[in-house]
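4 protein chains.
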Amino acid sequence: MELKDLNLEKLIKNNREITNLGNVADYIPELSKANKEDLGICILDNNGNIYCAGEYQTKFTVQSISKVVALMLAILDNGEEYVFARVGMEPSGDPFNSIRKLETSSRGKPYNPMINAGAIAVSSMIKGDDVKDKFRRLLDFFKEISEDQTLEINSKVYLSESETGNKNRSMGYYLKDEGIIKGNVEEALEIYFKQCSIEVTAITIAKLGLFIANEGRNSLGEEIISPRISRIVKTLMVTCGMYDSSGEFAVRVGLPSKSGVGGGIVSVVPNKLGIGIYSPSLDSKGNPVAGISLLEDICNELKCRIF
Amino acid sequence: MELKDLNLEKLIKNNREITNLGNVADYIPELSKANKEDLGICILDNNGNIYCAGEYQTKFTVQSISKVVALMLAILDNGEEYVFARVGMEPSGDPFNSIRKLETSSRGKPYNPMINAGAIAVSSMIKGDDVKDKFRRLLDFFKEISEDQTLEINSKVYLSESETGNKNRSMGYYLKDEGIIKGNVEEALEIYFKQCSIEVTAITIAKLGLFIANEGRNSLGEEIISPRISRIVKTLMVTCGMYDSSGEFAVRVGLPSKSGVGGGIVSVVPNKLGIGIYSPSLDSKGNPVAGISLLEDICNELKCRIF
Amino acid sequence: MELKDLNLEKLIKNNREITNLGNVADYIPELSKANKEDLGICILDNNGNIYCAGEYQTKFTVQSISKVVALMLAILDNGEEYVFARVGMEPSGDPFNSIRKLETSSRGKPYNPMINAGAIAVSSMIKGDDVKDKFRRLLDFFKEISEDQTLEINSKVYLSESETGNKNRSMGYYLKDEGIIKGNVEEALEIYFKQCSIEVTAITIAKLGLFIANEGRNSLGEEIISPRISRIVKTLMVTCGMYDSSGEFAVRVGLPSKSGVGGGIVSVVPNKLGIGIYSPSLDSKGNPVAGISLLEDICNELKCRIF
Amino acid sequence: MELKDLNLEKLIKNNREITNLGNVADYIPELSKANKEDLGICILDNNGNIYCAGEYQTKFTVQSISKVVALMLAILDNGEEYVFARVGMEPSGDPFNSIRKLETSSRGKPYNPMINAGAIAVSSMIKGDDVKDKFRRLLDFFKEISEDQTLEINSKVYLSESETGNKNRSMGYYLKDEGIIKGNVEEALEIYFKQCSIEVTAITIAKLGLFIANEGRNSLGEEIISPRISRIVKTLMVTCGMYDSSGEFAVRVGLPSKSGVGGGIVSVVPNKLGIGIYSPSLDSKGNPVAGISLLEDICNELKCRIF
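Chains as they are written, first to last, in this note's numbering: chain A, 74 to 380; chain X, 74 to 380; chain L, 74 to 380; chain S, 74 to 380.
Pulled out of the complex, with its shape left as it was, chain A reads as follows (with noise of 0.2 Å):
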């Protein structure tokens, strides 16, 4: 099937009573203020054709997402050797804020940057004058290959996250002794937590995958990061992207994607389509539940599958 004959409308609805099988994040109040039943969704193509249905404007935090801006920026910042000597690129097996791995395995670093221990690593390599410097070029660089000049900090979401974030704290704390952590460790948690904070619509998360599927070219054709970093990051959100459900949606759904327990998938057909969920009912993985069946349904009608 075409795209352009999808019924994303009917998806939605077929898709919507799915939510009731998850749940909204409560760890925070915010995020427990999302509406169990939204389903969003915006698909982009590279001719500029955009297929929005649901509750693809509500703004939501884009959580986890942005362990895939914050990888690619560090990348560029520090290359690719740099990172990874620091960083791995294995699926865990574990969830997605477990620490024990870090005591318990002979790597000596975090596995992959899409379980947070990694993720906390990779925000402290981003480079700046400071940690206000350091933010702000994460969020522009965000605002660069999103192409959304709006985004912003939900600041309550932030200052819950910071206030009541003490595992990542504890993790950080880990990492700094591991000496895989250089610099300040609240300054790193302060960059994670504020990129975990920042708004976004579907439509965003669309466009960020768009620029991925394009191998990190913007709109406008422009190279922002090189086609290898891009691969990086699109393999590694195969293998790690979906926390320790990664292989079976590799098998249920087969697209580079990344989730976020605001509610959040990016997903990237190579060469063809960024794709944005929102889908606040999370499975018991921290997976957005009716989300991940919509994508399902969307690879079985396009045959746009990696696999």
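Careful, some of the hints might be misleading.
No copy is singled out in the list; a pair is fine if it fits within one copy or between any two copies.
To be verified - List of simulated lysine-lysine pairs, DSS-like, C-alpha gap at most 25 Å:
no.	residue 1	residue 2
1	255	229
2	109	83
3	86	182
4	358	86
If you're looking for bench data, these hints aren't it; they were derived computationally from the structure. Remember, predicted model here, so these are calculated numbers, not experimental data.
For chain A, the structure is supplied; the task is to place chains X, L and S on it using the hints.
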């Protein structure tokens, strides 16, 4: 570059020195007799062309590559739902012969069919009148899909595997205790040890790869397994096929692949090529060190990565 | 208070209701037939006095209490150095049937002889012409030190243990792979399952306790094991005897003790008393719930704690 | 042998060469300045006799021995029930600075107050108007029970501990996330790092030992802590006091003891003696290697083991 223009001899020559960075498996005497410097390749396309270089005619035992074959037959025998209710689809982040996650994970089943625990569970699901019949069916299935009627087990290797395979035996009884293995553990292990001991060459392995590349069709175009099963297998090869180096391998090479400690690698270029490698010098994770480098070179030349 | 003034009947009565807080073991049918409300005790002193109350004549299988007996014989057979080169002396912090530390610890040996993995290793060290002879020697040794020539195994329990003991089997093969079990794993397991199936009463267990209290001397004052071996055993009973409740038990009761899932506890008041308990209702750690409470009351009355 | 007949000088001489088997702690510069060959001892009895030899006047930081002091005060401040609802009583089987069990165990609390995680939790429970007052109360309590009014912290050590103590900081934030630390984490850590930095000699430590030996009474016979608290502390010293060598130490020495990486050991002969050791050369577990050997010799001579 076109496949026909690929200078395989030169690539073999360039990568042969990399064999020095690893060592042949030595946990059983038979494997330690392999020639560490060996490096062979066979590439098959859909037009019946065959490109070979190096020690592509050397016999070696298929070892963990057989997990892919057994998985396909177990799904044919029991259905996808039955199999994946008992074995997961997630990378484990631990070494291939690790037992810990059977106890520490809340999943209650082996993480995936590519680690030993999962593979033993899968082998226990193959149907047949008795253990001999079960293994015969597996061997016949392997012969059918690789279109190689000469396949036999190496009895010396089998006996050594069986004699020394106490960690696998340990996993088998653990799985029995968990109710994942239904029948006799020693029979499941017999099938598992025998399937690992089947002798192949890089050519056999390339044929297996082409079969998977063609979505489960043989050279006559007959569908032996469904495209869906083929897709599941390919996906699991990407996320879990190279032990706990699968993530890095996906970045470096980016083809669905499965390695074995006998030195083999099967790689799949979807809809196009089957690749068989023989490279018995292994890195610390148990993967063929020169074989991976050779595959990386080929992917750089042919631009055939799936990512 | 003097032992002779202790009102055992009243203590039994007071603690019998605590049996409701636990459950009898049910992993094999024979054990689940035990009467949950049963609570019996036998206390022996060095003047030949015997104080009994409750179901002290009820037969039950000795289960893990046999680990103490096997350890003494294994040290007699092989020497302290040999045994503790292969089994540690440390509490593990994990449940008694846990396998994970065999893989995750750098020690390379089971933590102590009181967890299953360590006990199976110990049983494999008992000397004899063949497996029958080895077990006969163990049974004879138990008869000798408990001065009870009637000891026999409960065949039904033994067969059930053997049939369902796949987690123990899993540990056995893991230990074989590590080189800690030298001979045949199934034989080691046969001895282990048989020793667990020996039938005793609280009286037998009290005699075992008195033997240890008297530093390895029998009622005639003959030294069967050296004071040093006796001391090692007593110490391991303190640090590891009550599974992963040993620490709390040491605070509450403070006597060298060993429990079994058959409901038994042997406790030792050094140089003074041997105590045998029968209390088949177990807490979540597998320890006799009312038996521990009864022991705590006795220690409060007699002020016989070692701490 | 009587204490007065013990040739301490000779025992020191005999054991001094054992200091070569270990190394002084070097994670902070101050500790690495200790003289590896040093070995000192002080033994106090209830008649006011004092027996000393070797470097018993050398000052060193008390380090983990302070965990015993803080535990007593925390129980005094909060009651036994409150404290042990938040910290367990079980040996963990893991190194003292391990974090894994906070995540992998179902207990949901640190295993015991003698590993770092448990000790940090305990220090967070000490009452006071503010962090200064809390530490002042702890220091005053230490002065009271050791009857040494000169105790002070070594500021250099404290600053180094605080600066480099990121693994402890990691545990602190993990405990905060779990709700085990109620107040400010940095304040809890400040108390913990300061208590570890208190300077003592073997004499101070021997006085602490005698206080515990006398069930919480000072030299005037006044009860500072209850016999029950004293018993709990003694018991935890037996099961958990020597890190993950506690089991072997109990067999070799058999006295309630607590070591510190500054080189100190406090040992208790119940109702009789307090022993203080200074032995900065540590074994691989972080315990004073010559000090343990010296204690073993003394126990062999005096027959003062509790087992």
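Going down the list of hints, with the structure as the test:
no., hint, verdict
1, 255 - 229, "between (28 Å within a copy, 23 Å between copies)"
2, 109 - 83, "within (19 Å within a copy, 59 Å between copies)"
3, 86 - 182, "neither (43 Å within a copy, 34 Å between copies)"
4, 358 - 86, "within (24 Å within a copy, 47 Å between copies)"
Comparing the model with each earlier hint shows a violation of hint 3 alone; every other hint is respected.
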